[in-house]
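**Q** Each chain is listed here by its residues.
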Amino acid sequence: MHLVELIDVDKRYSGIRALRQISMTIGAGSLVHVAGANGAGKSTLLRVIAAVTRPSHGAVHVFGEDAFKASAASNRARVGYLGAASALYADLTVAENLRFSATLFGLDESAIGSQLQAMNLGEVADQKVGTLSFGYRRRVGLARALLNNPDLLLLDEPWNGLDQEAAKGLFTVLNARVQAGQTTLVAAHATAADPLPFNRVLQLERGRIVEDV
Amino acid sequence: MTGARVAAAILRKDLLLDLRLGDRLGQMWVFAALVIVLMSITLPAVNDETRAWVPALLWTIALLASLLGLARSLQTERDDGAIQQLVQVPCDRGWVFLGKVAANWLALFALLLWIALLSALFLDVAWTRAGFEMIGLALLGSLGLAALGTLLATLASSSRFAQFLLPVLLFPLMLPILVWASLLTRDLLGGQISAAPLWGVLALYDWIFLLIGYFTFNAILED
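Protein chains in written order, with our numbering: chain A, 272 to 484; chain B, 37 to 259.
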C-alpha cells in the first residue's frame, strides 16, 4: 500500500491552474524534496495532500483512504503539516499554543516538553508568540507540526527564517525520521546548508511534475 | 470522544483569549452602551405606548453589537493561518463549528445580560416582571445568533469583503429570531403568558442552523 497516492489531480484557483494532472505515489519511509520555482505548485501540492485544499479534479489517497472522505478524518492524527504560515495564535504563549494543538490531537503534556526541547524553545515557552521573531515563530510552527510524531510530515519552506542552530536541529529531526522509517515531504527552493538524505526529488514546473528522480 | 474533546479545547482557547485580551467583549459592550445611552438621551421618555418598541430596539442593538464580536472571533483564526489547525483536527470538522458556537454563545449571552442591565438603568425597563423565562429566551436567542453568526462569519472571513458580507448574509437570516424574540420579550415584560408555538419555532430555528453548520463546516473550512 502506498502512503500517498494522487490520481490525475488538478487544482484551479480563480482560473489559474496551480496543479495539472498530477499522478504519483509515495511509499513509507521516504524523504522527498518537492522542488520548483515560485508559483510552481509546491505549496498547493502539500496542501492537497494535507487535505487542507480540495482538488478541482482527481483523487487523493492518504494511508489508503480518500483524504477528503469523512471516514478518513481520524487519519489526520497521523499527519503533520507546516504551511507557509506558522498557524499559531499570537496572543497565546508558546506553551499554550502547543498545549492547544496537543489537546486537539489527544496528546499528553510530555509531547509538549519533548518538542520544546527538540526545537530549543524552552527559554521562550512562556512568551506570547506575537512577541517572538519570525524565526522563533517558525520554530514553534515546526514544533506544532511534529507534536504528534506524524507518520507523514509535510513541510513548506521549513528553512525560512531559521538560524543556523535551528536549521541543524531540523536536520537532526528529519534524519531521525528517515531512520525511523517515517515519511516526509519538504517543499523548498533551496535545501539546508547540510545536505539531507533525500531519496527522491519531485521537480515541479507550472503545476506539472517535470522530473521525478 | 475525539469530537467533544476538540470542541472543548476550542471553547477553552476562545475563552482564554477573550478573558486575556478583552477586545472582543469590550467592543460589543462599549457599542451597546453607547447606543443605549444615546437612546436614553435622544428618545422621549418611555411611556405605555412606546414601551412596546423597546424589546425590538434592544434585540436590534444586540444584533448590531454581535457583528463586532463575531467578525473578531474569526479574525483570530485567520491571523497567521491559525485556522489551518482547525482544518486538521482528527475528527469531523463539525465539532470545530460546535466549539466556536459554544464560545460565541457565551459571549453573546453575556452581551444580552449587559444590554438588560443597561436598559434597566437608562431606559427604565423592568426585567423583574419578565421573570426567569427571560433568561431562557436570552439563551435561545443568543444560541441562534451564535450558530448563524459563526457559520456566516466563517464563510465571510475568507472573502476580501468580509466586513460587508457578514451583515448582508446575517441580517435576513436573523430576521425571524429578531421578530420572535422581540414578540416574546414584549409579552414577558407585559406579564402576559407567551404563545408556546413561538418558543417552539425559536428553538427549532436554532436547531436547524446548528445542524446546517455542523454538516457544512467541513466544506467551509477547506479552501
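Derived from the structure by calculation, the hints contain no laboratory data. Be aware that a few hints might be false.
As the list claims (entries may be wrong) - The calculated SDA-like cross-link candidates involving lysine to any residue, where the alpha carbons are at most 20 Å apart (straight line), are:
#: 1; chain 1: A; residue 1: Lys340; chain 2: B; residue 2: Phe251
#: 2; chain 1: A; residue 1: Lys399; chain 2: B; residue 2: Asp59
#: 3; chain 1: A; residue 1: Lys340; chain 2: B; residue 2: Gly39
#: 4; chain 1: A; residue 1: Lys340; chain 2: B; residue 2: Asp59
#: 5; chain 1: A; residue 1: Lys399; chain 2: A; residue 2: Asn420
#: 6; chain 1: A; residue 1: Lys340; chain 2: B; residue 2: Thr252
#: 7; chain 1: A; residue 1: Lys340; chain 2: B; residue 2: Leu51
#: 8; chain 1: A; residue 1: Lys399; chain 2: B; residue 2: Gln111
#: 9; chain 1: A; residue 1: Lys340; chain 2: B; residue 2: Arg48
#: 10; chain 1: A; residue 1: Lys340; chain 2: B; residue 2: Asp259
#: 11; chain 1: A; residue 1: Lys340; chain 2: B; residue 2: Glu258
#: 12; chain 1: A; residue 1: Lys340; chain 2: B; residue 2: Ile256
#: 13; chain 1: A; residue 1: Lys399; chain 2: B; residue 2: Asp116
#: 14; chain 1: A; residue 1: Lys399; chain 2: B; residue 2: Glu258
#: 15; chain 1: A; residue 1: Lys399; chain 2: B; residue 2: Arg114
#: 16; chain 1: A; residue 1: Lys399; chain 2: B; residue 2: Arg48
#: 17; chain 1: A; residue 1: Lys340; chain 2: B; residue 2: Arg114
#: 18; chain 1: A; residue 1: Lys340; chain 2: B; residue 2: Gly117
#: 19; chain 1: A; residue 1: Lys399; chain 2: B; residue 2: Leu51
Model, not experiment: these values are computed from the prediction.
**Q** Now, for every hint given, state plainly whether the structure supports it.
**A** We went through each hint and held it up to the structure:
1. In summary, the hint linking Lys340 (chain A) to Phe251 (chain B) is supported, as the alpha carbons are separated by about 13 Å, within the 20 Å threshold.
2. Distance restraint check for Lys399 (chain A) and Asp59 (chain B): the Cα-Cα separation of roughly 17 Å lies within the 20 Å cut-off, and the hinted pair is therefore satisfied.
3. Proposed proximity of Lys340 (chain A) and Gly39 (chain B) is supported: the alpha carbons are some 16 Å apart, at most 20 Å.
4. Simply put, Lys340 (chain A) and Asp59 (chain B) have alpha-carbon atoms about 38 Å apart, too far for the 20 Å limit, and the pair is violated.
5. Using a Cα cut-off of 20 Å, the hinted pair Lys399 (chain A) and Asn420 (chain A) is violated, with the two alpha carbons roughly 24 Å apart.
6. A distance of roughly 13 Å separates the Cα atoms of Lys340 (chain A) and Thr252 (chain B); the hinted pair therefore holds under the 20 Å criterion.
7. Using a Cα cut-off of 20 Å, the hinted pair Lys340 (chain A) and Leu51 (chain B) is violated, with the two alpha carbons roughly 31 Å apart.
8. A hinted pair counts as satisfied when its Cα atoms are at most 20 Å apart, and Lys399 (chain A) with Gln111 (chain B) qualifies at roughly 18 Å.
9. Between the alpha carbons of Lys340 (chain A) and Arg48 (chain B) the distance comes to roughly 28 Å, so the proposed pair goes past 20 Å and is violated.
10. Straight-line distance between C-alpha atoms of Lys340 (chain A) and Asp259 (chain B) comes to about 15 Å, which keeps the hinted pair within the 20 Å bound.
11. Annotation: proposed proximity of Lys340 (chain A) to Glu258 (chain B) holds, straight-line Cα distance about 12 Å (limit 20 Å).
12. With a CA separation close to 15 Å, the supplied pair Lys340 (chain A) and Ile256 (chain B) stays within the 20 Å bound.
13. A hinted pair counts as satisfied when its Cα atoms are at most 20 Å apart, and Lys399 (chain A) with Asp116 (chain B) qualifies at roughly 14 Å.
14. Taking the CA atoms of Lys399 (chain A) and Glu258 (chain B), the gap is near 28 Å; set against the 20 Å cutoff, the hint is violated.
15. A threshold of 20 Å between alpha carbons decides the hint, and for Lys399 (chain A) with Arg114 (chain B) the separation of about 17 Å falls inside it, so the pair holds.
16. The straight-line distance between the Cα atoms of Lys399 (chain A) and Arg48 (chain B) is roughly 17 Å, inside the 20 Å bound, and the hint therefore holds.
17. For a cut-off of 20 Å, the pair hint linking Lys340 (chain A) to Arg114 (chain B) is broken: about 24 Å separates their Cα positions.
18. Restraint check for Lys340 (chain A) and Gly117 (chain B): not satisfied, since their Cα atoms lie roughly 23 Å apart, outside the 20 Å limit.
19. For the hint pairing Lys399 (chain A) with Leu51 (chain B), the CA-to-CA distance comes to about 16 Å; that is within 20 Å, so the pair holds.
The structure fails hints 4, 5, 7, 9, 14, 17 and 18 (numbered hints given earlier, in ascending order).
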